[in-house]
Amino acid sequence: MSRKCFISHLKTSITIISPEEILLFGNSFNLVWIQGILIDYHISDSFRFWIDDGTDAVLIVFQETFAFFDYKPAKGDYLSVKGNIVFGVDLSNKKKTMYIQAELISKLNDPNLETLWNLEVLDSFGS
1 MSRKCFISHL KTSITIISPE EILLFGNSFN LVWIQGILID YHISDSFRFW
51 IDDGTDAVLI VFQETFAFFD YKPAKGDYLS VKGNIVFGVD LSNKKKTMYI
101 QAELISKLND PNLETLWNLE VLDSFGS
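Take 1 as the starting number for the sequence shown in the numbering used here and just add one per residue.
Hints listed in this document are in silico derivations from the structure and should not be mistaken for laboratory results.
Any given hint might turn out to be false.
Using C-beta positions, here's what the derived DEER-type ranges look like [unchecked claim]: (1) I17 x N109: 35 to 45 Å; (2) L122 x L59: 37 to 47 Å; (3) N27 x S92: 26 to 36 Å; (4) V89 x E20: 34 to 44 Å; (5) D45 x T97: 17 to 27 Å; (6) G76 x S18: 17 to 27 Å; (7) P19 x G76: 17 to 27 Å; (8) S28 x N109: 11 to 21 Å; (9) L116 x S8: 14 to 24 Å; (10) N27 x K72: 28 to 38 Å; (11) D123 x H42: 31 to 41 Å.
Calculated cross-link-like contacts (lysine-lysine; reagent style DSS-like; alpha-carbon spacing at most 27 Å) [what the hints assert, rightly or not]: (12) K82 x K4; (13) K11 x K75; (14) K107 x K11; (15) K82 x K11; (16) K94 x K107; (17) K4 x K107; (18) K11 x K95; (19) K107 x K72; (20) K11 x K96; (21) K4 x K72; (22) K96 x K4; (23) K82 x K107.
These numbers come from a predicted model, not from an experiment.
For each residue, glycine too, the CB sits at the ideal point set by N, CA and C.
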């Protein structure tokens, strides 16, 4: 099951039971679904970018090269991302780190979607 959420939820409301079981507000999930503005990116052997949804920002890693896509990234694009949360340790400073390993990335062109997303996330926790 994928879980719609704000980025701040990923940083404050997750409980790790085991590497295979992660809870968000007590609910188990295997994919996270977030939306936000592309604020920075780097293309090399993978596509790495940061998105900000207004609550926080998170690193997204997509292993496919963008040579296969018609989409060319641009700062300010509004994106939808589904993927797995990956936890680790930054070896440069020994701090815990988290990023999303993307499985699906979509550029969204409707300016109303950002406002609607906030309502969708809130509604998903009510059901």
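Pair hint outcome, K4 versus K107 [Cα-Cα no greater than 27 Å]: Distance of about 17 Å is within 27 Å: holds.
Verdict for L122, L59 (Cβ pair) under range 37 to 47 Å: 25 Å, violated
Satisfaction of hint between K96 and K11, Cα-Cα up to 27 Å: Holds, at about 11 Å.
Range hint compliance [Cβ, P19 to G76, 17 to 27 Å]: 35 Å, violated
Assessment of proposed distance window 31 to 41 Å (beta carbons of D123, H42): This hint holds: roughly 34 Å between Cβ atoms.
27 Å limit on alpha-carbon distance, applied to hinted pair K11 and K95: 14 Å, holds
CB-CB spacing for S92 and N27 relative to the 26 to 36 Å hint: With a Cβ separation near 33 Å, N27 and S92 satisfy 26 to 36 Å, so the hint holds.
Hint check for E20 and V89 - Cβ pair distance inside 34 to 44 Å: 19 Å, violated
Pair hint outcome, K107 versus K11 [Cα-Cα no greater than 27 Å]: Cα-Cα ~24 Å, so holds.
Holds or violated: K11 to K75, with C-alpha atoms at most 27 Å apart: 23 Å, holds
Hinted pair K82 and K4, Cα distance within 27 Å: The given pair, whose Cα atoms are some 9 Å apart, holds under the 27 Å limit.
Outcome for the supplied range 17 to 27 Å, where the beta carbon pair is D45 and T97: 19 Å, holds
The structure shown violates the earlier hints numbered 2, 4, 6, 7, 8, 16.
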